[in-house]
Each structure stands twice: as structure tokens, then as C-alpha cells.
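Given chain A, work out where chain B should sit, using these hints.
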Amino acid sequence: MKPASSYDIVVVGSGPAGQKAAIQGAKAGKRVALIEQEQGIGGNCVYRGTIPSKTLRESAVQFEHLKRSSEVFEGGLRLDVPLASLLHRLDEVVKAHESYMANQLTRNGVTYRHGRAKLLSPHDVQLEAVDGACQTLKAETIVLATGSRPRSIPDIPIDHEHILDSDSILSMIYLPRSLAVLGGGVIACEYAAMFALLGVEVTIIDKAERPLSFLDKEVVEVFQHSLQRQGGRFYARHTVKEVAWDGVSSVVARLGNGMVVKSEKMLVALGRQPNVEELNLEAAGLSLDEKGWLPVNEYGQTAVPHIYAAGDLLGPPSLASRAMEQGRRAVSHALGLPVGEAVNQIPIGIYTIPEIASIGLDEEQAATRYRGPIVGRARFTEIAKGQITGACDGLLKLIADPSGERLLGVQIVGEDATELIHLGQMALQNGATIDRFIDTIFSFPTFAEAYRVAALDILGQRRKRQGTVQAA
Amino acid sequence: MSAERPPAIDVISAEPLEQLLIDRIRQGSIELPLLPQVASQILGMVYDPNAEAAKLAALIHQDQALAAHVIKIANSPAYMTRNPVVSLQHAVSMLGMNLMSEIAFSASIKGSAFKVPGWDAEVKRLWQHSLASGAYAKEIARMRRFNVESAYLCGLLHGIGKPVVLQTLVLLAKEQGSTLSRELLHQLLEGYHTQVGLLVAADWSLPPPVVESITFHREYHYAKTAKQECMTTCLADRLAEHFLNPEALDEAAVRDHAVYADLNLYLKDIDTLLALKDQVRKAVEAMPL
Chain A
-6 MKPASSYDIV VVGSGPAGQK AAIQGAKAGK RVALIEQEQG IGGNCVYRGT IPSKTLRESA
54 VQFEHLKRSS EVFEGGLRLD VPLASLLHRL DEVVKAHESY MANQLTRNGV TYRHGRAKLL
114 SPHDVQLEAV DGACQTLKAE TIVLATGSRP RSIPDIPIDH EHILDSDSIL SMIYLPRSLA
174 VLGGGVIACE YAAMFALLGV EVTIIDKAER PLSFLDKEVV EVFQHSLQRQ GGRFYARHTV
234 KEVAWDGVSS VVARLGNGMV VKSEKMLVAL GRQPNVEELN LEAAGLSLDE KGWLPVNEYG
294 QTAVPHIYAA GDLLGPPSLA SRAMEQGRRA VSHALGLPVG EAVNQIPIGI YTIPEIASIG
354 LDEEQAATRY RGPIVGRARF TEIAKGQITG ACDGLLKLIA DPSGERLLGV QIVGEDATEL
414 IHLGQMALQN GATIDRFIDT IFSFPTFAEA YRVAALDILG QRRKRQGTVQ AA
Chain B
2 MSAERPPAID VISAEPLEQL LIDRIRQGSI ELPLLPQVAS QILGMVYDPN AEAAKLAALI
62 HQDQALAAHV IKIANSPAYM TRNPVVSLQH AVSMLGMNLM SEIAFSASIK GSAFKVPGWD
122 AEVKRLWQHS LASGAYAKEI ARMRRFNVES AYLCGLLHGI GKPVVLQTLV LLAKEQGSTL
182 SRELLHQLLE GYHTQVGLLV AADWSLPPPV VESITFHREY HYAKTAKQEC MTTCLADRLA
242 EHFLNPEALD EAAVRDHAVY ADLNLYLKDI DTLLALKDQV RKAVEAMPL
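Taken in order, these protein sequences are the chains called A and B.
Start counting the first sequence at -6; every next residue gets the next number (the working numbering).
Start counting the second sequence at 2; every next residue gets the next number (the working numbering).
Hints are computed from structural coordinates only; laboratory data are not their basis.
Hints may be right or wrong, so weigh each one.
With a cut-off of at most 25 Å between alpha-carbon atoms, the simulated DSS-like pairs for lysine-lysine come out as follows [said to hold, decoys possible]: (1) Lys228(B) - Lys47(A); (2) Lys88(A) - Lys228(B); (3) Lys131(A) - Lys20(A); (4) Lys131(A) - Lys269(B); (5) Lys269(B) - Lys111(A); (6) Lys88(A) - Lys225(B).
The shape of chain A in the complex, shown without the other chains (with noise of 0.2 Å):
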């Protein structure tokens, strides 16, 4: 073994939550080490989660897009589209991305080492590498940040070949004829969507009553109603007894109820677990809370004061821009440097087709809180952008408080939800008025103006409430 090397930081993991906390740390003047152990620079976000997911989805976006123009200049269109081929810019957008990164690092003096970390003490991370070759690295303060991955079910035999988790569902070279997929949260809906539109026959089995429950229902429901124009289908209500491949042609899922569902493949999206087998937590004095993720205080500090923890390990919403920002804050904490208010409005964004995007309070979460609250809604079908692109399936709610001024949540469905919601988040933190997006001229035509057509609804709905008000 090598003799120890010694770091104010050692990050262990490179994905968005260890990038940024590396980096925080660097520009503090600090000698900073960062192990990953893969390859490549990134973690899951940028080889098996966001970046091949969302490239897969633009491909089928512009996939759906071509199909539309080929309808209307009356031309044929092959739709028997090979995955392999929708996937060809992911090298590209792939080695961009790392060799950003890899700048990003190297330009901020960041030590860069490739290999697998182990706790050995609170102090010490044994780096081994690939080679099996070990060395000991000291560390003042140490961030963890290795991730997540999917939640494996004892019962269900997932093989990477028939039975397919979200790591290895972009390993499949050809689109199947169909694909069950276990699961309703965001990872099951978001490669429904993306399979449906490229014409897989999509049935999506579980548990729940709707997918993705926890948002505002009138959303979902736009979105459910769109997969099933697509051909999907949603089996609610349903528990899964046993799943196993054919050893033909289908993978053979047995439901509760005794209904028996048959797929050319299946994608288990059944939640995710972290990545704390290779770590040796105990070493450090450290331990998983019941629901199996790493406790932390609001600044990512862990029990032991010096050790951090950033990103999916911490638990849901595995959101990058989350992980990003805990990243940032456990190192910026460690070394005394301002934090920050903690951020307690995350926008969340489903690349789900369409898109789905929230902030602040939804519907029914507002009418728990105040006693008839006041929700404006502007539909796609009423914004000319929406008739001009053909992307009608959308909605957009500005929910208000009962006086009709106070902007409380915005819950988007609909093209570029993901990136309209921005308008919303930066109202919401800035305690903009409903008024606000009525005295704002909006470009036309565009999706932005549904903030406008939204507020108006609620103007009228004050007008209308007040008028009562003064009738009685």
C-alpha cells in the first residue's frame, strides 16, 4: 500500500452533488481529492440517468415532431426506428459534457482519482484501484456523495436482459413490441411516455390509483391522457405476485387479481436504494437512518461533524439541482464560508411527454391550508402557441390564496413545462402578485403568456367572489 496522502477535502463521487462540492471547495484555496469509481467523470446523471434519458426523449420528441410534419407535407415516414439509432448523439452529448466537467476540475486544481473509496476510519478513505492497488488518503473533511441506483425486489429476477432496471433500459439496442413497466413514480412514467411515443405498446402497473401521486391530480390527468392517445395503458390498483421471462418471447407478469400481463420486456422502476455497500460506514461511526438513507442536519452534516453527505444518498426527490446545491452548501458549511438561506423551494421537472413541472403548493395541499383558495387555469387549446406547434395536450394552474392575490404554487403540464416554471419559481420567491402577470406583456406568441390567461381566470374569479361578497 501506498503511504497516505493528505487533503483538506476528499469527495468521494462524482456526480452533480460531488462536481460542486469539489469545486466549492477548490475555489475556497483548498487541496481537494475527488474519487470516482467509474471511468469517466459525472456519476449515474451522466451514464445511465438524466443525460441518456432525456437524449433518448429528444430523439423521440423530434421523432413525434417529424411524424407530425410528414402528415402535413403528406410524405411517408419509416416509424420502425432502431433504439441504437435514437441514441446516436448520446457519445456526443455524453463527451461534451465530461470534457466540461473534466475542465471544470482540472481548471479549479481539483485532484482527480479514479478508483473505489472505503471508509477506514473518520479520517481515512482507502482508495483502491482498479488494478487493486490501495492507498490511503487523509482528509480534514470528507463529502459523500456516491448516489443511488435502483431499488432491486428480491421477488422479481431483474437480468439486464428481458427484465430491465433504469441502469440498463438504454442498453437495449432495439425497441421492443411492448414494455410493462412496474412502478408509477417519475423514472416508470417519464420512459413510458418516451416508449409510447415511439410506438411500443406502454402498460404501466401499479400499486397507486394514479402515477405520480404526489402531484397536483388535473395535471396528471392531462398527462395520463396523452399516454393513453399514445397507446398506453395504466393498470391502477394493482400488486404484482410474481414476474418471470417466458424463456420465449415474453416476460410474464401475474397480478394480484389474478390477471396475467405478457411484454417482449419489462422495466422495474420500483423507487431507488444508496450506494453504501462499498463505503464501510461504520468505520467512520456512521449509520443508515430506518428507511436506509444517510441522516443529515440541514447542511449535510452527517453525526460525525466532519462528514458530509450530498445527493440521492440523502433520500428523494433524486434531483440533480437538488444534489447540486447540497453539494455546495456541505463544503461551503465545513469551511465557514456563508451558506446561504437553505432553498426550500425546489422546482420539480418530469421529462415525461409532456412535460410536467411544479413549485410551491398544489391544488389540494392549498386547500388543506387556507379555505378556498383561488386556482386559474389556462389551457394549451386556448394559447395560440399551442395551436401552432400542435402541442394542445397542456395545462397551466397558478393557484392564489383565497383573496385571489397571493401566488402560492404554479403546476404545469404541457410542452417546456420544465422551463416555464422558471417564471413561477422566481414570482413565488419574490412574492409577486397575480396582478403581476397581468400588468406584464408576454411575447406572442408564446407558452409564457399562460401565466397571463391563468391570472386572468383568477381576476375574474375575484371579481366574480368579491361581487358576492358585496351582494351579501
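Relative to the frame of chain A, chain B by itself:
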């Protein structure tokens, strides 16, 4: 693996036989032999209404010649209704049981060409190596989350040229009224299996990753688009060699290769792969020649 003694007839020198092989390759008169035992099992199964479909798929899955035949047929204009077939599962799923019977029938006819008296041990060794390579390739792909189906096909078919070269050489020697030595056979197998494998791949329209694996499974750095498959095949080939012939390639030797680092496999992962011997043995024994 006991070595069988080839018939002791006059041993012809390397040059004329090699030249004859080259001529045969140039003429394109080399045909891939199918395995009659497997073909007859499949033939028996497809006409048995009680036969298990799963067993049929497993048989096809493990037979390199039949697997390639299936791919070829699935990619022929008559059946290519959707995307090009890129894996066995894909082909089986597309072709169904009825077509399997046709394939099995043709396999049974062609199968007779594969009888190579006196060279059974060589054929068996090549066959077992293909099966073991396919089985290891699958596990490596599972571990690295690459496409398992494609990896299996690459592992199974990377040495498809060897039995073809063997068959051709034995036939040529017979035509000359002589035979060839084991040493010469191995020398020519090594020298020409890639070239012949590529001819077979082209003739059968094998998927590009398989073609690259046949060409670059040892020099995977030169692979153009299917580097992952070539690396996987390289490692699967070595693990299979160690599994079948541990005296020739012992554990220390099999561990000593840059492909592990290139595939980002750590010591623990290598231990896991080496511990799969029983699983691989089952896969090999399930398909005796």
C-alpha cells in the same frame, strides 16, 4: 478434455493445404456446418405439441450455428418486417415456433456435413469454448449494464470461423487422400479463422457488433463502433479458455490482462466472474455436442 488421435495417414505439408484453403476461401465455397444432434432435438421438439417452448429457445440460444442461421433468416427480405434483427431473443420473438421448425429442418439436412471423423475432440473443444464464451459474455454485460443479448451473440460467434476452417481443411485433406497434423490444424485455425469468420458473417448478415467482435476481440482498441462488445468478448474468450483448459491458462495468467481495467472491473468483480464456473459449466453441459 481427452485428445483424440487423428487417423494416421500421410501427413501433407502445410503449403499446398494452406493454398487449397485460400483458394476455397476465394471461391466462396465454404459453408457453415450445422450441428445435427441439436437440430434433431429441435426438430423433435417443434413437432411435439407438449414440448416446452422455453427449452426450444434455450437450445437455439446455445447453438452457435443455429443461432447464426436464425439471425440470417430473420434478416432475409422475406421476414424483415421491422428493424434488422440484432439478437437471438429478438429473432426468436419475431420468428415464432413455426419458422423454428423450418430452420430446424434445414439444420438437420445441413447437419450431416459437420461429421468430421477423427476430429470430434477438436470440434467439441471449439463448441464448448463458444458456449462458455457466450455464457461469460452475458455475465460481464450484466455486470457492466451493457446489452446482454448482443454480448452473448458476440461471445458465442466470435470464433465461428474455426469450425468452418476445420471442416474445410479436413475435407480438403480427404480430397487429397491425406490428412493433416494437429499442429498444422491449429496453425491454420489461428491463421484463417478470422478471415473465414468474416466471410460467414458477411454471408449471413450478422450484426455489426458480432462482425467487429470476430475481427477485434483480441485487439479491441482497434474496434470502431462496438468497443464494449469487443472488450467483453476478449474477456469472455479468456475466461472460457481458463475454464476449459486451466493448465494452459491458469488463474494468475487469466487475471493478468489490461481488459479488466479497460472494462473498469475491480478485483472484487473479477472474483465474482471467476466464481461463475458452476454456472458456466451448466450452460456448457446443457448443450453437449
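Going down the list of hints, with the structure as the test:
no.: 1; hint: Lys228(B) - Lys47(A); verdict: 24 Å, holds
no.: 2; hint: Lys88(A) - Lys228(B); verdict: 16 Å, holds
no.: 3; hint: Lys131(A) - Lys20(A); verdict: 20 Å, holds
no.: 4; hint: Lys131(A) - Lys269(B); verdict: 24 Å, holds
no.: 5; hint: Lys269(B) - Lys111(A); verdict: 13 Å, holds
no.: 6; hint: Lys88(A) - Lys225(B); verdict: 16 Å, holds
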